[in-house]
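2 protein chains.
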Amino acid sequence: MKKLLYPVLAAALFIIFSCSNKENRTQYGLVIHGGSGNIYKGKYTSEEENAYKVKLMEALTLGDSILNSGGSSLECVEKVINLLEDSPLFNAGKGAVLTNVGTCELDASIMDGRTLNAGAVAGVQRIKNPISLAKTVMTNSRHLLLTGDGAEKFALENEFNLIDNEYFRTKKRYDQWQNSIEKKLKQKEHRTEKDEKLGTVGCAALDLNGNLAAGTSTGGISSKRFGRVGDSPIIGAGTYANNKTCAVSATGTGEYFIRNVAAYDISAKMEYQGKSLNEAAEEVIISKLTELGGSGGIIAIDNKANIVTKFNTKGMFRGSVKNGEMPIVKLYIDE
Amino acid sequence: MKKLLYPVLAAALFIIFSCSNKENRTQYGLVIHGGSGNIYKGKYTSEEENAYKVKLMEALTLGDSILNSGGSSLECVEKVINLLEDSPLFNAGKGAVLTNVGTCELDASIMDGRTLNAGAVAGVQRIKNPISLAKTVMTNSRHLLLTGDGAEKFALENEFNLIDNEYFRTKKRYDQWQNSIEKKLKQKEHRTEKDEKLGTVGCAALDLNGNLAAGTSTGGISSKRFGRVGDSPIIGAGTYANNKTCAVSATGTGEYFIRNVAAYDISAKMEYQGKSLNEAAEEVIISKLTELGGSGGIIAIDNKANIVTKFNTKGMFRGSVKNGEMPIVKLYIDE
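Protein sequence lines correspond, in order, to chains Y and H.
No gaps in the numbering here: position 99 of the first sequence is 99 in the working numbering, and each next residue is one more.
No gaps in the numbering here: position 277 of the second sequence is 277 in the working numbering, and each next residue is one more.
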């Protein structure tokens with residue numbers, strides 16, 4: 001009997017190991033957003049809908065190919081966000097909204113769930129891809145958050161090209177800005193139009209090594225007061241990743257996400273209360289954020305590749321893909 | 001029997017109500033810090049020790065008088081920090097450390113535990129009391145965090161005077177800066193001296209109405225890269241207050257407090273795990289912060305007026321007072 005026991009045990013262990021190993025090594029996924037807000041059926045022409053869907057699908061395809069070939073979640077997050085930053089469809093990089101003085105000021109942050117290391121930039125005006133600068137702050141400096149001219153000086157020292165602020169400005173955003181100035185003159189008191197908040201981009205990913213990462217990039221809110229910083233470059237508010245729990249990127253009225261420490265709160269509820277990612281996101285976005293008066297949403301993935309998108313607005317540009325599954329892209333709430 | 005029951009019940013309820021009411025209405029307290037770090041016995045002359053103690057005691061006396069006369073915790077936090085900002089002893093307001101280009105750049109944040117409202121400024125150079133500007137951002141704007149020139153423009157519109165950056169610079173800080181430049185030239189690679197991080201100030205308070213508030217103000221780390229922002233203006237990292245749990249102000253290597261979302265994490269552990277303030281602070285500062293490689297500490301008060309100071313450095317300038325108790329001021333770990 002004893003002679004038999006060892007081979008049987010060894011075989012059993014091999015099977016267990018193979019299964020757990022297989023689970024660890026074949027689960028990857030990513031989820032992206034291009035902003036939440038006043039996005040409802042009938043608002044966009046089918047051409048416009050299509051343009052958003054095609055760009056989101058392109059981003060998912062890129063991310064999927066990075067993760068599938070063994071690339072890291074950090075690389076995936078950076079490259080996917082680069083693609084969205086370069087598209088004028090979203091309020092990040094090219095196509096960013098204009099501040100009240102007519103410039104584009106960009107914010108971004110990225111976090112590595114394996115090390116809890118993070119990098120962020122705020123108020124940069126001449127960096128084509130702010131998420132890449134945020135990543136370089138994380139890897140090449142002893143600081144975490146650099147702002148304005150200082151961040152650009154750091155960029156120059158790290159072989160980034162400084163580009164003209166004009167690059168970011170599209171006709172659509174310029175018209176929006178002109179419009180808001182005219183309204184401001186008429187109304188005296190200035191309020192942000194719902195549409196003007198749209199379009200922050202973000203990505204959260206789990207790679208084949210079980211590492212999570214998240215990143216967010218934005219042009220902020222239109223006609224924002226010069227120097228205003230929202231939640232996108234704030235670790236814990238707009239971006240958070242921790243291999244123990246999940247990776248999260250947020251979009252919406254940033255001030256409320258900061259006050260709620262929303263991205264980290266989802267992780268804390270998972271770690272401290274044993275909630276699932278879906279339960280935690282539901283409580284943070286649908287209950288707490290809504291009660292405080294904030295609007296917006298999050299995308300998130302946990303360390304088992306469960307994916308959640310959650311928002312309290314009419315819609316959110318979003319998409320996700322897991323290995324071996326078809327990518328999904330959605331715009332409205334009832335999809 | 002029945003006839004007796006009601007008066008007895010009423011009397012019992014009255015006693016319970018009086019006690020709980022008494023507890024609610026007579027419990028107030030505040031706790032302050034003037035930075036943590038390489039603070040050890042023998043480092044300071046008795047005159048220097050005395051100067052720190054006298055200033056901390058002065059701050060406690062001011063805070064105590066505000067809370068005792070029914071003032072709000074928010075007012076207490078602002079005024080106490082104003083006093084510490086105005087003292088050249090601390091690295092906040094007058095006496096702030098110099099950036100690598102020789103200027104002073106100040107950060108501050110404040111949070112109201114009753115409403116979860118908050119305000120913050122980062123990288124301001126001409127505001128005498130950054131904590132008061134942070135409070136005005138909270139009360140008079142739709143934004144939460146304003147930076148640099150934009151924050152100063154907002155200040156002007158809100159009747160703040162802009163002062164010359166020279167005001168903040170003391171001989172001690174200038175010499176420190178010169179020293180670090182010389183070292184930098186010698187060493188090529190620049191590292192921050194332990195002493196240069198000292199002196200962020202903060203206050204957390206509970207008022208007679210049961211409202212908590214916290215605030216933090218700093219000049220950052222000496223010779224910091226132009227535009228670097230640490231944890232002090234980041235809600236959730238350097239400052240957090242929530243009537244449900246506690247009010248917290250942090251000081252130390254800010255990047256690690258941001259990565260750990262340290263101030264909010266203490267609150268989350270209390271709310272989600274039922275930990276006491278002391279247990280939560282111990283886990284966040286002594287375990288998590290230390291494991292990540294960060295150094296520093298926090299001061300905190302909970303909604304029952306329990307006060308905690310916790311740090312993983314040799315010392316922290318700190319003090320606290322509760323109603324009906326003598327104020328306490330300490331500098332070193334073994335006090």
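The set of hints was computed from the structure by calculation and includes no laboratory data.
Bear in mind that the values here come from a model prediction, so they are computed numbers and not experimental data.
Any given hint could turn out to be false.
Identical copies look the same in the list; a pair holds intra-copy or inter-copy alike.
[What the hints assert, rightly or not] Dumping the calculated SDA-like pairs for lysine to any residue here, alpha-carbon to alpha-carbon at most 20 Å:
{"hint": "1", "residue 1": "43", "residue 2": "279"}
{"hint": "2", "residue 1": "153", "residue 2": "101"}
{"hint": "3", "residue 1": "288", "residue 2": "115"}
{"hint": "4", "residue 1": "244", "residue 2": "292"}
{"hint": "5", "residue 1": "244", "residue 2": "291"}
{"hint": "6", "residue 1": "153", "residue 2": "335"}
{"hint": "7", "residue 1": "288", "residue 2": "117"}
Same-copy or cross-copy closeness of residue 43 to residue 279 [CA-CA at most 20 Å]: neither (31 Å within a copy, 52 Å between copies)
Same-copy or cross-copy closeness of residue 153 to residue 101 [CA-CA at most 20 Å]: Classified as between: cross-chain Cα gap 12 Å, same-chain 22 Å, threshold 20 Å.
Homomeric proximity label, residue 288 with residue 115: Cα distance no greater than 20 Å: between (28 Å within a copy, 13 Å between copies)
Homomeric proximity label, residue 244 with residue 291: Cα distance no greater than 20 Å: Classified as between; 15 Å across copies, 28 Å inside a copy.
Same-copy or cross-copy closeness of residue 153 to residue 335 [CA-CA at most 20 Å]: neither (45 Å within a copy, 44 Å between copies)
Within, between, both or neither, where residue 288 and residue 117 count as close if Cα-Cα is 20 Å or less: between (27 Å within a copy, 14 Å between copies)
Within, between, both or neither: residue 244, residue 292 at alpha-carbon 20 Å: Between copies only: 15 Å across chains, 28 Å inside a chain, cut-off 20 Å.
In terms of the numbered hints stated before, the structure departs from hints 1, 6, listed from lowest to highest.
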